[in-house]
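Heads up: the protein sequence lines correspond to chains A and B, in order.
Be aware that the first sequence starts at 1, since it is given in our numbering, and climbs by one per residue.
Be aware that the second sequence starts at 82, since it is given in our numbering, and climbs by one per residue.
Please keep in mind that the hints were generated in silico from the structure rather than gathered at the bench.
Note that CB positions come from ideal geometry on N, CA and C, so glycine has one too.
Mixed in with the good hints, there may be bad ones.
To be verified - Here are the simulated distance ranges between beta carbons:
no.	chain 1	residue 1	chain 2	residue 2	range
1	A	N51	B	P100	39 to 45 Å
2	A	K46	B	D125	26 to 32 Å
3	A	E13	B	I129	26 to 32 Å
4	B	I129	A	D41	44 to 50 Å
5	B	Q252	A	E13	33 to 39 Å
6	A	R72	B	G300	28 to 34 Å
7	A	R72	B	G293	37 to 43 Å
8	B	E168	A	D79	30 to 36 Å
9	B	G202	A	Q25	53 to 59 Å
10	B	G318	A	R72	47 to 53 Å
11	A	R72	B	T118	47 to 53 Å
12	B	E168	A	H69	17 to 23 Å
13	A	K19	B	W211	30 to 36 Å
14	A	K50	B	S299	18 to 24 Å
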Amino acid sequence: MTDYVDLTHFIAERIVSNKEAIEVQSQPRGRSTIVRLHVADEDMGKIIGKNGRNVEAIRAVVRAAGLRHHERVQVELKDRA
Amino acid sequence: MSESVHGEAATSEQAGAEPVVESRGASVEEAVGTALTQLGITRDEAEIEVLSGGTRRFPGERLSGPEAHVRVYRIDAHAARARALLEELLTRMEVPCRVTVRRGGQSASGGPPPVILDISGDDLGLLIGWRGETLRSLQTALNLMMGEDESGDGRRVVLDVERYRARREDQVRELALRLAARVKRSGERYALDPMHAYERRVVHLTLADDSGVRTESSGREPARRVVIHPTGPAQGGPPEREFGPRRGPSFGRRF
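I would like the entire structure built from these sequences, with the hints used as guidance.
So this is what it looks like as structure tokens:
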């Protein structure tokens, strides 16, 4: 069973500057798993990227990890704690 | 382990290339050990190509069995860091595979040469995704995670899975030629499915020398597509048969 929280955290901490502010939680929603990612305000731009390119890349990587187990995993970016 | 006795290594240093050592030994491990010693580097700084596997199936067979033959070359710090990071990411994704640094990566645009990492293994379609979308995302994520460091000099990391990029390029080239023939025959322009910039480039380049057609891109990203225009009247001719009854720009959902 892949640890999606750990995977998301691993990716995020190598992108943001304020690593302490990263929070990741997961919860099931219907047949999917929702992974909620929170980063410091100053890191939001970096994590989202131009036209959401960066966050889309993170989503695709975590989604691909879920495909192995036939699980739908969605990463949601929380903008406020 | 007496590597100096069993192993023999030959160094060849090509101009501008990484130092390479070919080495033999009773086992792959031993041959690699010899080569690493010769190069004075650790395994983390090396890429290893096993040329022949050596065969010490049982201990004691080493004297009669064929030798292992390996080629070991040094990789720079940036490539080593990229490979280690990708390996760790794929481990966390629980995708069993092997990551190697491709030799002789050259730059398409005259900039600094990218580090090309090849991912190989079984059943890696999930890393490629629909028309390579997942592969591109993985590459974006990895480059982000690499950040900016001194060793990189702004060099990008390019990922490939089981030579997907090369195979896809061949497909696009073949498609372009087929559709150009159709456009000339019918005298009607043809709009291809939306493609990524580098795939559109392959279409333009493939048809650049064909005076019977003219290509241009139209539309906005991500729906930008190549349109193939005829430059003369319809030439007619037999319809293509060799491609089966269902023709069109489709090349399957995956790969």
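Checking each numbered hint in turn, tell me which of them this model violates, lowest number first.
7, 9
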